[in-house]
Amino acid sequence: DQQVKQNSPSLSVQEGRISILNCDYTNSMFDYFLWYKKYPAEGPTFLISISSIKDKNEDGRFTVFLNKSAKHLSLHIVPSQPGDSAVYFCAATRTGSARQLTFGSGTQLTVLP
Amino acid sequence: NAGVTQTPKFQVLKTGQSMTLQCAQDMNHEYMSWYRQDPGMGLRLIHYSVGAGITDQGEVPNGYNVSRSTTEDFPLRLLSAAPSQTSVYFCASSTGGGMGDGYTFGSGTRLTVV
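Chains X and P are the protein sequences, given in the same order.
FYI, the numbering used here numbers position 64 of the first sequence as 64, with every residue one higher than the one before it.
Residues are numbered in the numbering used here as their position in the second sequence, beginning at 1, plus a constant of 113.
You can take every hint at face value.
As a list, the in silico DSS-like pairs of lysine-lysine whose alpha-carbon atoms are at most 25 Å apart: (1) X/K56 x X/K68; (2) X/K38 x P/K122; (3) X/K54 x X/K68; (4) X/K71 x X/K37; (5) P/K122 x X/K37; (6) X/K54 x X/K71.
Below, a sample of chain P positions facing chain X; criterion: calculated Cβ distance under 10 Å: (7) Y144; (8) M154; (9) L156; (10) E172.
It is worth saying that the hints were derived from the structure and are not from the lab.
C-beta: ideal position from N, C-alpha, C; glycine also.
Let the sequences and hints guide you as you build the complete structure.
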């Protein structure tokens, strides 16, 4: 039973346009959500996080939106750059879980020049 | 500052062999974890530790042991390798600060069991 789902295995966008990566979760106990980026043959790199008490968090070109009622979050990248091409993982955790992360299956983003 | 260092980067084992995957961090992080990544399944938690001397099981602990005798090191032991343990293994560490602070991951160990 996947508690964190990324239903789009891949996404292609043109350079300069917006990339929107989606993530759904089922466990209402999750109260922190994180996005990681992964290049081939490297470990995941932390990008941005959001607490369940917020509905938006922004860091430069990256913005994460959280819709608690829909149990849905999204990562927006504006503008997209070719260097953003990577696999993006959504992850969730809850207070008191010793920081255990539950990951989605990832979305391969390709930014076309 | 090396971050999280994993060795080896690649390993081929025969079924039934045992081995230890090494993980070391130099950031004085309290939390350390081991994940495995399989195609189409994201990363799954194997074992984790909240400090030296304290370990616990994650989602997929069977066939693996861990220990945490120091803050810096968190080795993962495969007791008797099986083909189902063919995977990419990632070690990660984190501070005990805010819950939104991300884990720092190592570059991974690609393990093939034949």
